[in-house]
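Asks: Chain by chain, the residues run as shown.
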Amino acid sequence: MAYSDKVLDHYENPRNVGSLDKNSDTVGTGIVGAPECGDVMKLQIQVEGDTIVDAKFKTFGCGSAIASSSLATEWIKGKKVDEAMAISNTEIVEELSLPPVKIHCSVLAEDAIKAAITDYKQKQGEESEAAAEAQNA
Amino acid sequence: MTNPIYLDYQATTPVDKRVLDAMLPYFTDAFGNAASRSHAFGWKAEEAVDLSREQIASLINATAKEVVFTSGSTEAINLAMKGVGDMYGAKGKHMITSLAEHKAVLDTAKHLEKEGFEVTYLKPDATGKVTAEQVAEAIREDTILVSLMWANNEVGTINPIREIGAVCRERGVLFFTDATQAVGKIPVDVEADNIDMLCLSGHKVYGPKGVGCLYVRRRKPRVRLVAQMDGGGHERGMRSGTLNVPGIVGLGAACAVAEQDLEKDIAHANALRERFESKIFAALDYVEINGDENARLPGCSNLSFAYVEGESLIMGFKDLAVSSGSACTSASLEPSHVLQCMGVGDELAHSSIRFGFGRLTTEEDIDFAANQVIEAVKKLRELSPLYEMVQEGIDLSTIAWTGH
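These protein sequences, in sequence, are chains P and G.
Mapping of the first sequence onto this note's numbering: position 119 corresponds to residue 255, and the numbering continues sequentially without gaps.
Mapping of the second sequence onto this note's numbering: position 347 corresponds to residue 351, and the numbering continues sequentially without gaps.
The hints are simulated quantities; they were obtained by calculation from the structure and are not laboratory data.
Be aware that a few hints might be false.
[As the list claims (entries may be wrong)] Computed beta-carbon distance windows for the label pairs:
1) P:V189 <-> G:E338: 32 to 42 Å
2) G:Q264 <-> P:E230: 39 to 49 Å
3) G:T135 <-> P:Q258: 50 to 60 Å
4) G:D371 <-> P:L144: 56 to 66 Å
5) G:T135 <-> P:E172: 21 to 31 Å
6) G:K322 <-> P:V189: 30 to 40 Å
7) G:S401 <-> P:K216: 49 to 59 Å
[To be verified] Heads up, incomplete: computed chain P residues facing chain G, CB under 8 Å, no partners named:
8) D145
9) I167
10) V168
11) V176
12) T195
13) G197
14) W211
[To be verified] Here are the computed lysine to any residue pairs in the SDA-like style, where the Cα-Cα straight-line distance is at most 25 Å:
15) P:K259 <-> G:E396
16) P:K142 <-> G:D323
17) G:K383 <-> P:K257
18) P:K257 <-> G:W405
19) P:K259 <-> G:I398
20) P:K192 <-> G:V394
21) G:K322 <-> G:T16
22) G:K69 <-> G:K322
23) P:K142 <-> G:K382
Beta carbons: idealized from backbone N, C-alpha and C, even for Gly.
This is chain P alone, in the form it adopts within the complex:
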């Protein structure tokens, strides 16, 4: 299978590989996919105010899956949370010139961004709930 230059570049030089502290209140973690399907993506965001100040990923999957998640971290860094939430898989497909059999990789990357944001928001929600409860007490 021939890969696009951009996929090869992300595979050779993946951006933002690594992990953030998943227990931190300002970090959202999204893990999507399943080992038996051949793809698992872990994408993490660190948020200050409403801005994603850092993003990291680790991916088990084919070259296109690695490239999709690497690109996703590149794109969401510096974006507002709501802007990141609006990124769709078709933009990833276009940027990386993914063939039809690899579209699921871009879907997974979109899901990973959304899962990370959801996790972050849940943590924030729980925190404000806890704060509200503390005030009421």
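Keeping the supplied structure of chain P fixed, place chain G upon it in accordance with the hints.
Replies: Chain G only, in chain P's frame:
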């Protein structure tokens, strides 16, 4: 650009120089049709074809008349299975094969099922092996054929063919073996191994592509087949079509070379595999061998590198020509049917690579390849969320994955 190192000897092999030299005259000066009885061109071609039959027969301990030339193993498999079905279908409608067979056998079996045959697909054990006991249990009154491969093309596991053949002989059921991966690689003896039909292919034994043959036993028992190709009645009526003389000469020469070099080839391929696997296991954790370590095709090494995905691994092997699963299915994203039927989990099946070493592989090739493999696996494990979790002591089976 230099060629990558070829480590895919189960997919195909290069034509041996000795084989090519034998073939060349039959493209030009000696171009005759082996069926032409009226002139020297035809006689010379027929003589060459007869020599090839002798060479093939000698390698597998058959007689020359029992060799039927085909375009390769796929055609030979179709001829054997459908030919038996058509000839003996009135006697019985049951056949036995295994889930680990090549697609050529499985798809032919499917075809026969549509024509009213019933097929039992034996499930191999975790190493990919089918036992004689399984065959004995599956044979029924109406069984007319057992079709089992000698050595598996993906994991290299060698079936106990002699024992299986003995069971079939005792029960009066014809036994066909797809020996495409075995002939020329390990000793094959149709008499001692109780074989009624056997197929082999030129390009797997350092011969040319597009030629192979079916061995069809003539005595005790005499096997009869209904031809699947109508025409001039070549090959004792079993396979019509003008003989591919240069290809047939090449197949014969390849078998002669294989017979002469068999021990040397086996020792070479086994030594290379040992060198490769010991390097891999010394440098990497979580690597598993797929196949039967005690009965594996020389030079075949199918490994699962847990927590990294096969396709991305192959991308990392920039200077190696290897395959994930069999070449026929590697274009699909499905994990290999062979690994699946052996009970290898989908997760590990996605992480498996087949390495094949052969006559032209050198120790330098092995050292280079092992280093590239180790480097790529380490790099991808740095990137793998699964490897990270395992390092943290998380049991992956306890996680609720969001499959898609």
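Asks: For each hint, tell me whether it holds in the structure or not.
Replies: Hints, verified against the model:
Checked against the hint of 32 to 42 Å, the pair V189 of chain P and E338 of chain G passes, with Cβ atoms roughly 41 Å apart. Checked against the hint of 39 to 49 Å, the C-beta distance between Q264 of chain G and E230 of chain P comes to roughly 58 Å, which is inconsistent with it. Distance hint for T135 of chain G and Q258 of chain P: a CB-CB separation of about 54 Å, consistent with the stated range 50 to 60 Å. As the Cβ distance of D371 of chain G to L144 of chain P is approximately 26 Å, the hint placing it in 56 to 66 Å is violated.
Between T135 of chain G and E172 of chain P the C-beta distance comes to about 28 Å, which sits within the given range of 21 to 31 Å. Evaluation of the 30 to 40 Å hint for K322 of chain G and V189 of chain P yields a pass: the beta carbon distance comes to about 35 Å. Checked against the hint of 49 to 59 Å, the C-beta distance between S401 of chain G and K216 of chain P comes to roughly 38 Å, which is inconsistent with it. For the restraint placing D145 of chain P at the interface with chain G, the shortest Cβ-Cβ distance is roughly 12 Å, beyond the 8 Å limit, so the hint is violated.
Because the beta carbon of I167 of chain P sits about 7 Å from the nearest beta carbon in chain G, less than 8 Å, this interface hint is met. Interface restraint check: V168 of chain P against chain G, minimum CB-CB distance 5 Å, threshold 8 Å, status holds. Contact between V176 of chain P and chain G, as hinted, is supported at the beta carbon level, the nearest pair being about 6 Å apart and thus within 8 Å. Against a cut-off of 8 Å between C-beta atoms, the interface hint on T195 of chain P holds, since the closest Cβ of chain G lies about 6 Å away.
Hint status for G197 of chain P relative to chain G: holds, with the closest Cβ pair at about 5 Å, below 8 Å. For W211 of chain P, the interface hint is violated, the least distance from its beta-carbon to any beta-carbon of chain G being 18 Å, above 8 Å. This hinted pair checks out: K259 of chain P and E396 of chain G have alpha carbons roughly 23 Å apart, not beyond 25 Å. With a C-alpha separation of about 20 Å, the suggested pairing of K142 of chain P with D323 of chain G holds against the 25 Å cut-off.
Note on K383 of chain G and K257 of chain P: the hinted pairing is violated, with a Cα-Cα distance of about 33 Å set against a maximum of 25 Å. With a CA separation close to 21 Å, the supplied pair K257 of chain P and W405 of chain G stays within the 25 Å bound. Between the alpha carbons of K259 of chain P and I398 of chain G the distance comes to roughly 22 Å, so the proposed pair stays at or under 25 Å and holds. Simply put, K192 of chain P and V394 of chain G have alpha-carbon atoms about 19 Å apart, close enough for the 25 Å limit, and the pair holds.
In summary, the hint linking K322 of chain G to T16 of chain G is supported, as the alpha carbons are separated by about 20 Å, within the 25 Å threshold. Between K69 of chain G and K322 of chain G the CA atoms are separated by roughly 47 Å; this puts the pair beyond 25 Å, and the hint is violated. Restraint check: the Cα-Cα separation between K142 of chain P and K382 of chain G comes to about 22 Å, which is no more than 25 Å; the hinted pair holds.
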